[in-house]
Amino acid sequence: MPSVAQLLPGTLDVLILKAVSLGRLHGYGVLLRIGQISGGALLIQQGTLYPALYRLEHQGLIKSEWGTSDNGRRAKYYSVTTAGRKRLGEETSSWNRLAEAMARALLATPQEL
Amino acid sequence: MTMSTLLARIRSWFSGMRASRAVNAEMEEEFRLHMELRAADLQRDGLSPDDAGRRARAEFGGIYNITQLGREARGLAWFDALRFSWLDFKLGGRMAAKYPGLTIMATLAIGVAVAMGAGVSGAISTIRSESLPLEEGDRIVGIRLVNIATTAEEPRLLHDFAEWRTSLHSVVDVGAFRSTALNLVGVDGRDAVILGAEMSAAGFRVARVPPLIGRYLLESDERPSAEPVVVLGYDAWRRRFDADTSVVGRAVRVGTSMRTVVGVMPEKFAFPVNYSIWIPLRLDPLDYERGAGPNLFVLGRLAASASLDDARSELATRSAVAAHDHPETHRDLRAQVLPFGQAWLRVDDPHFVALFRTVQIIVVLLVVVICVNVATFVYARTATRQTEIAVRSALGASRSRIVAQLFGEACVLAACGAAVGVWLISVVAMQLDRALTQSGVSGLVPFWVRFDVSASTLAYVVGLTFLGAVIIGVLPALQLTGPRVQLGLQRLAGGHSTIRMGRLWTALILAEVGFAVTLFPTATRFAGEWVRVASAGPGFPADQFLSARLVIEGGLPRGPGGEEATTESRARFAQARDELLARLQADPSVTGVTYANTVPGGFYASTPHFEVDSVGAVAHAARFEARLDEVGPGYFELFDLPPTAGRTFAAADADSGAHTVIVNRSFADRAFQGTNAIGRRVRIVTYTANGPEVGPWYEIVGVVRDFSAGLPPIMPREVLYRAAEIGRQYPALLFVRVRTHAGGYVARLRSLTAAVRPDLRLRDVAPLEDRAHAEQLPLQWGALSLATVTASVLVLSCAGVFALMSVVVTQRRREIGIRAALGADPRRLLWALFARASAQVGAGVVIGLVASVLLDWALARGDLLGAHRVAILFGVSAAMGTFAMFAALAPARTALRIAPTEALKAE
Numbered sequence: 001m002p003s004v005a006q007l008l009p010g011t012l013d014v015l016i017l018k019a020v021s022l023g024r025l026h027g028y029g030v031l032l033r034i035g036q037i038s039g040g041a042l043l044i045q046q047g048t049l050y051p052a053l054y055r056l057e058h059q060g061l062i063k064s065e066w067g068t069s070d071n072g073r074r075a076k077y078y079s080v081t082t083a084g085r086k087r088l089g090e091e092t093s094s095w096n097r098l099a100e101a102m103a104r105a106l107l108a109t110p111q112e113l
Numbered sequence: 001m002t003m004s005t006l007l008a009r010i011r012s013w014f015s016g017m018r019a020s021r022a023v024n025a026e027m028e029e030e031f032r033l034h035m036e037l038r039a040a041d042l043q044r045d046g047l048s049p050d051d052a053g054r055r056a057r058a059e060f061g062g063i064y065n066i067t068q069l070g071r072e073a074r075g076l077a078w079f080d081a082l083r084f085s086w087l088d089f090k091l092g093g094r095m096a097a098k099y100p101g102l103t104i105m106a107t108l109a110i111g112v113a114v115a116m117g118a119g120v121s122g123a124i125s126t127i128r129s130e131s132l133p134l135e136e137g138d139r140i141v142g143i144r145l146v147n148i149a150t151t152a153e154e155p156r157l158l159h160d161f162a163e164w165r166t167s168l169h170s171v172v173d174v175g176a177f178r179s180t181a182l183n184l185v186g187v188d189g190r191d192a193v194i195l196g197a198e199m200s201a202a203g204f205r206v207a208r209v210p211p212l213i214g215r216y217l218l219e220s221d222e223r224p225s226a227e228p229v230v231v232l233g234y235d236a237w238r239r240r241f242d243a244d245t246s247v248v249g250r251a252v253r254v255g256t257s258m259r260t261v262v263g264v265m266p267e268k269f270a271f272p273v274n275y276s277i278w279i280p281l282r283l284d285p286l287d288y289e290r291g292a293g294p295n296l297f298v299l300g301r302l303a304a305s306a307s308l309d310d311a312r313s314e315l316a317t318r319s320a321v322a323a324h325d326h327p328e329t330h331r332d333l334r335a336q337v338l339p340f341g342q343a344w345l346r347v348d349d350p351h352f353v354a355l356f357r358t359v360q361i362i363v364v365l366l367v368v369v370i371c372v373n374v375a376t377f378v379y380a381r382t383a384t385r386q387t388e389i390a391v392r393s394a395l396g397a398s399r400s401r402i403v404a405q406l407f408g409e410a411c412v413l414a415a416c417g418a419a420v421g422v423w424l425i426s427v428v429a430m431q432l433d434r435a436l437t438q439s440g441v442s443g444l445v446p447f448w449v450r451f452d453v454s455a456s457t458l459a460y461v462v463g464l465t466f467l468g469a470v471i472i473g474v475l476p477a478l479q480l481t482g483p484r485v486q487l488g489l490q491r492l493a494g495g496h497s498t499i500r501m502g503r504l505w506t507a508l509i510l511a512e513v514g515f516a517v518t519l520f521p522t523a524t525r526f527a528g529e530w531v532r533v534a535s536a537g538p539g540f541p542a543d544q545f546l547s548a549r550l551v552i553e554g555g556l557p558r559g560p561g562g563e564e565a566t567t568e569s570r571a572r573f574a575q576a577r578d579e580l581l582a583r584l585q586a587d588p589s590v591t592g593v594t595y596a597n598t599v600p601g602g603f604y605a606s607t608p609h610f611e612v613d614s615v616g617a618v619a620h621a622a623r624f625e626a627r628l629d630e631v632g633p634g635y636f637e638l639f640d641l642p643p644t645a646g647r648t649f650a651a652a653d654a655d656s657g658a659h660t661v662i663v664n665r666s667f668a669d670r671a672f673q674g675t676n677a678i679g680r681r682v683r684i685v686t687y688t689a690n691g692p693e694v695g696p697w698y699e700i701v702g703v704v705r706d707f708s709a710g711l712p713p714i715m716p717r718e719v720l721y722r723a724a725e726i727g728r729q730y731p732a733l734l735f736v737r738v739r740t741h742a743g744g745y746v747a748r749l750r751s752l753t754a755a756v757r758p759d760l761r762l763r764d765v766a767p768l769e770d771r772a773h774a775e776q777l778p779l780q781w782g783a784l785s786l787a788t789v790t791a792s793v794l795v796l797s798c799a800g801v802f803a804l805m806s807v808v809v810t811q812r813r814r815e816i817g818i819r820a821a822l823g824a825d826p827r828r829l830l831w832a833l834f835a836r837a838s839a840q841v842g843a844g845v846v847i848g849l850v851a852s853v854l855l856d857w858a859l860a861r862g863d864l865l866g867a868h869r870v871a872i873l874f875g876v877s878a879a880m881g882t883f884a885m886f887a888a889l890a891p892a893r894t895a896l897r898i899a900p901t902e903a904l905k906a907e
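Those sequence lines, one after another, are chains Z and Y.
Just so we're aligned, residue 1 is where the first sequence starts under our numbering, counting upward by one.
Just so we're aligned, residue 1 is where the second sequence starts under our numbering, counting upward by one.
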């Protein structure tokens with residue numbers, strides 16, 4: 001089992017956007033999908049998931065609709081909106097630039113200076 | 001923020017606010033599903049159902065907290081913070097009971113403020129209403145002609161009316177009317193003067209009110225050859241004919257002629273203004289030249305498909321055509337269409353509009369000032385609860401939640417004040433209605449203007465109460481929450497007080513003391529005059545005087561094509577009046593008789609500005625306002641006013657060419673500063689758009705003592721008397737002095753009057769004392785209102801100083817304890833306590849004095865530094881200081897009783 005990493009502040013929203021961009025999901029499904037795509041490396045406090053979902057919906061980045069879950073129960077399903085997809089693209093680029101910069105900075109050696 | 005994001009947020013807010021509980025239920029449903037799914041996964045991993053459920057719930061966290069976070073994430077935190085619970089109001093009620101003094105004071109203060117604010121605003125909105133309380137009342141209009149050069153209204157529009165009624169498309173049922181006082185002889189043979197209307201039949205169609213019995217007027221009744229008919233109002237029918245239904249079809253005496261009653265209108269019908277009897281308007285334009293004829297008021301109803309703008313447009317075109325066709329009379333005349341109420345009351349006049357706005361701004365400011373004052377001591381009360389506020393904040397209550405709670409408490413206080421306010425409005429409205437009825441002017445008040453607690457007044461009450469609650473609740477709450485809460489928490493353990501009366505509250509106390517001092521001189525002047533008059537009595541045998549207005553039935557006869565009242569008709573009236581005076585004089589019961597245009601010292605008087613000839617006159621007194629009374633022969637003798645200098649009027653002074661006047665002592669003193677007034681000259685100054693215009697000079701031939709028939713001379717004390725010009729004055733206000741009690745002479749006066757001329761009538765016959773007091777009603781109300789406001793502000797000022805001192809003592813409790821322990825002199829301690837209050841009261845008094853002087857200067861009273869004025873101002877200052885010190889006494893006593901050990905216990 002891979003070691004579990006704490007989520008960086010501000011990254012939960014991007015992860016949710018990514019998860020729901022891969023297909024519509026209910027809340028618990030979002031949690032599982034993030035675990036799945038991160039290889040189980042990211043630990044998400046379950047209580048923080050829903051406020052984040054509502055915040056993104058309030059901002060118009062995801063939308064929700066009621067449906068039926070696999071166990072036959074009524075469930076609320078979330079999917080990404082056009083604005084959310086655009087934001088995901090921007091955030092992904094921004095993250096990649098940051099990650100690249102961080103990687104470069106952390107791999108720097110005295111010889112390179 | 002993009003449009004889609006904005007829409008998403010609005011949708012989210014809307015759904016959150018619309019169905020707050022449903023949102024919570026949906027969230028909880030979502031959470032439960034989450035935990036069930038997680039528990040199912042855990043079971044698959046080998047946990048028992050119970051353990052899986054327990055662990056799923058533990059991992060998820062508290063549903064309540066997550067629900068709250070969810071609501072915050074949806075942007076509903078502010079909405080939640082503003083939601084009140086029943087407990088907020090319950091707590092407000094408890095606080096009101098716990099601090100009865102504050103509750104009573106705040107309730108009364110807010111009650112007075114709300115009553116004045118809502119009463120005045122409600123009355124103004126009723127007066128300015130665009131709709132009458134009739135079917136489609138907003139479509140009833142008045143049409144009038146206005147001279148654009150002089151802005152004066154031209155009421156002689158018979159020819160225009162005749163054209164409008166046949167040619168207008170946007171206004172239908174065009175009719176006209178004029179007021180007339182008619183003498184109606186009832187079933188008992190007794191007559192009574194009733195205010196009625198000569199009206200076109202169209203007027204009834206405009207009103208759309210069917211008659212109670214019979215019919216209303218028809219166009220055929222307007223023909224000169226038609227049988228004279230009359231329509232009775234409900235009250236006239238009930239009182240004069242005992243509600244006899246067979247009166248319809250019967251001939252009754254109306255004035256000097258017999259008329260057949262054709263119908264009775266239902267109760268409360270008084271259209272178009274406030275009439276109780278209607279006769280047909282029979283006027284032929286051919287009898288009058290264009291621009292001449294009687295004064296008329298034109299009304300109509302907007303056509304089914306027409307708007308007010310359509311009517312305005314059509315009449316503008318008609319005006320242009322009339323100006324082109326008849327330039328000699330209509331060059332500057334323009335027709336205006338307005339909602340009927342506005343047209344009748346002339347409330348579209350820019351001066352009125354400005355006045356209404358100013359009055360409304362003043363009353364709202366008054367409410368704000370009084371509520372801010374109440375907020376001062378609510379702040380002091382709330383400050384004592386800082387521990388509670390700090391603890392609640394520490395336990396997680398947001399600032400907005402605490403503010404909302406304090407606002408809820410303030411709502412309770414404001415609602416108590418509103419209840420008192422509504423009660424005050426209803427009492428004042430009832431008294432005003434009664435007073436107007438007693439003074440005989442109620443008939444002049446249009447039927448749609450009612451003195452009661454109307455819906456618009458209640459709407460203002462609600463609005464002002466909310467405003468008051470915001471001020472007295474939110475203002476102190478914002479001051480006491482925020483960074484201070486944190487400070488409060490830090491200091492709680494040490495028992496220190498963090499309450500401070502900052503600059504805001506200091507400024508407020510300063511302002512209220514200043515406000516009270518500004519108002520106090522005027523209020524004391526009013527009160528002083530009333531007390532003086534009440535204690536001194538009328539100063540003449542008022543019970544022996546009878547007053548009555550002498551008129552001609554239906555007004556002065558009008559000449560064809562000429563003025564409303566011809567010189568001949570005025571002369572005939574004067575002849576009849578003089579004959580009546582002669583008969584009265586010959587009656588052994590009468591000791592004297594005269595007439596004038598107004599009651600001495602009464603409210604309804606002409607008060608023009610006068611200019612004094614400059615020889616030796618003091619510059620600032622050169623122009624000022626004074627009463628101008630026109631008096632008949634024997635006036636000064638009847639009221640026992642012998643000249644103190646010069647002479648009284650002789651017969652020659654009533655000639656139109658004689659420019660002579662008599663002045664009273666106040667006028668002479670003010671204009672000539674003690675020098676001889678006889679032979680000096682004065683003239684009337686009229687202020688017009690083109691600057692001041694002056695009239696002819698009048699020579700002063702006599703000076704008499706001040707006299708106002710036992711009324712306080714609140715109006716200008718300065719009076720000029722002019723001899724009533726022969727044959728001009730109409731109507732005449734008779735004053736008859738009898739040997740016994742005036743009330744017993746009424747019947748004799750009536751019979752003598754009827755014997756002189758059949759159409760000579762007496763109206764408003766009453767002892768002079770009663771009439772004078774009726775005329776004084778507006779001033780009484782003014783004085784009462786001013787006294788109430790001043791008393792409220794004064795009480796609030798004292799309460800403000802009390803609150804200030806209480807807070808200062810609480811704040812300096814520890815210091816007082818230490819100083820007392822070290823043996824400080826109690827007097828020095830007291831002075832230290834009083835110093836700040838004294839400084840604030842002193843500063844407020846100075847501000848008030850300056851404002852009072854500036855107010856006088858603005859009102860151009862001219863006697864800025866008179867000895868009595870200086871005395872009043874000093875008296876006011878001393879009174880305020882004394883009041884303030886008394887208010888500070890109780891907190892000071894508390895301060896001196898603080899035991900050093902107790903004060904230092906926390907250390």
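Mixed in with the good hints there might be a few duds.
As the list claims (entries may be wrong) - A few chain Y residues facing chain Z, derived, Cβ under 7 Å:
{"no.": "1", "residue": "3"}
{"no.": "2", "residue": "4"}
{"no.": "3", "residue": "5"}
{"no.": "4", "residue": "10"}
{"no.": "5", "residue": "15"}
{"no.": "6", "residue": "33"}
{"no.": "7", "residue": "63"}
{"no.": "8", "residue": "68"}
{"no.": "9", "residue": "70"}
{"no.": "10", "residue": "73"}
{"no.": "11", "residue": "75"}
{"no.": "12", "residue": "287"}
{"no.": "13", "residue": "288"}
Claimed, not checked - Which chain Z residues stay away from chain Y? Per the calculated CB distances, all over 10 Å, these:
{"no.": "14", "residue": "58"}
{"no.": "15", "residue": "83"}
{"no.": "16", "residue": "107"}
Calculated from the structure, these hints are not laboratory results.
Cβ coordinates follow ideal geometry from the N, Cα and C atoms, glycine included.
Going down the list of hints, with the structure as the test:
no.: 1; hint: 3; result: violated (10 Å)
no.: 2; hint: 4; result: holds (5 Å)
no.: 3; hint: 5; result: holds (4 Å)
no.: 4; hint: 10; result: violated (10 Å)
no.: 5; hint: 15; result: violated (10 Å)
no.: 6; hint: 33; result: holds (6 Å)
no.: 7; hint: 63; result: violated (9 Å)
no.: 8; hint: 68; result: violated (9 Å)
no.: 9; hint: 70; result: holds (5 Å)
no.: 10; hint: 73; result: holds (4 Å)
no.: 11; hint: 75; result: holds (6 Å)
no.: 12; hint: 287; result: violated (78 Å)
no.: 13; hint: 288; result: violated (75 Å)
no.: 14; hint: 58; result: violated (4 Å)
no.: 15; hint: 83; result: violated (5 Å)
no.: 16; hint: 107; result: holds (37 Å)
Taken one by one, the earlier hints fail for this structure at numbers 1, 4, 5, 7, 8, 12, 13, 14, 15, listed in ascending order.
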